[in-house]
Amino acid sequence: MPKVVGIGGVFFRAADPAGLAEWYEKYLGINDLHKSVWQQEAGTTIFGPFSENTDYFGRAEQQWMINFRVDDLDGLMAKLRASGIAVETRADWNSEVGRFARIHDPEGNPVELWEQTHE
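Per full-length UniProt numbering, the very first residue in the sequence shown carries number 1; after that it's consecutive.
Errors might be hidden in some of the hints.
To be verified - Simulated restraints, written as ranges between beta carbons of each label pair:
hint, residue 1, residue 2, range
1, F12, N53, 15 to 25 Å
2, G108, P2, 36 to 46 Å
3, H34, D92, 33 to 43 Å
4, F57, G98, 16 to 26 Å
5, T45, G75, 34 to 44 Å
6, P2, P106, 36 to 46 Å
7, G98, V37, 21 to 31 Å
8, P2, G29, 27 to 37 Å
To be clear, the hints were calculated from the coordinates, so they are not data collected in a lab. By construction, the Cβ of each residue, glycine as well, lies at the ideal position given by its N, Cα and C atoms.
Generate coordinates for the entire structure from the input sequences, incorporating the hints supplied.
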């Protein structure tokens with residue numbers, strides 16, 4: 001049976017698309033689509049709708065939140081904090097699947113960072 005085999009792109013509106021692309025490239029290492037296509041590592045992806053009443057994303061009008069897998073959460077959090085980016089962690093976000101942290105991009109979009117538990 002034909003099926004989807006992965007996420008081909010994530011597209012969203014931005015007040016300053018070029019500035020936001022530059023921010024994601026500088027702080028998270030995601031290539032600006034106008035320069036090259038970002039080649040990510042193969043791995044787990046979760047596609048999960050949440051209740052429309054969830055407060056997990058933050059703002060009530062927030063319709064989406066992206067979650068990035070990271071290879072060194074502590075190291076990335078230290079780098080982000082050293083650059084003046086606020087990083088939030090909560091013990092109740094962590095689970096048997098790994099550890100999580102949250103940042104917000106310059107336009108206020110929540111970005112979840114996930115270091116997967118390796119068995």
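Evaluated hints:
| no. | hint | verdict |
| --- | --- | --- |
| 1 | F12 / N53: 15 to 25 Å | holds (22 Å) |
| 2 | G108 / P2: 36 to 46 Å | holds (38 Å) |
| 3 | H34 / D92: 33 to 43 Å | holds (39 Å) |
| 4 | F57 / G98: 16 to 26 Å | holds (19 Å) |
| 5 | T45 / G75: 34 to 44 Å | violated (22 Å) |
| 6 | P2 / P106: 36 to 46 Å | holds (39 Å) |
| 7 | G98 / V37: 21 to 31 Å | holds (27 Å) |
| 8 | P2 / G29: 27 to 37 Å | holds (33 Å) |
Hint compliance for this structure: hint 5 alone is broken.
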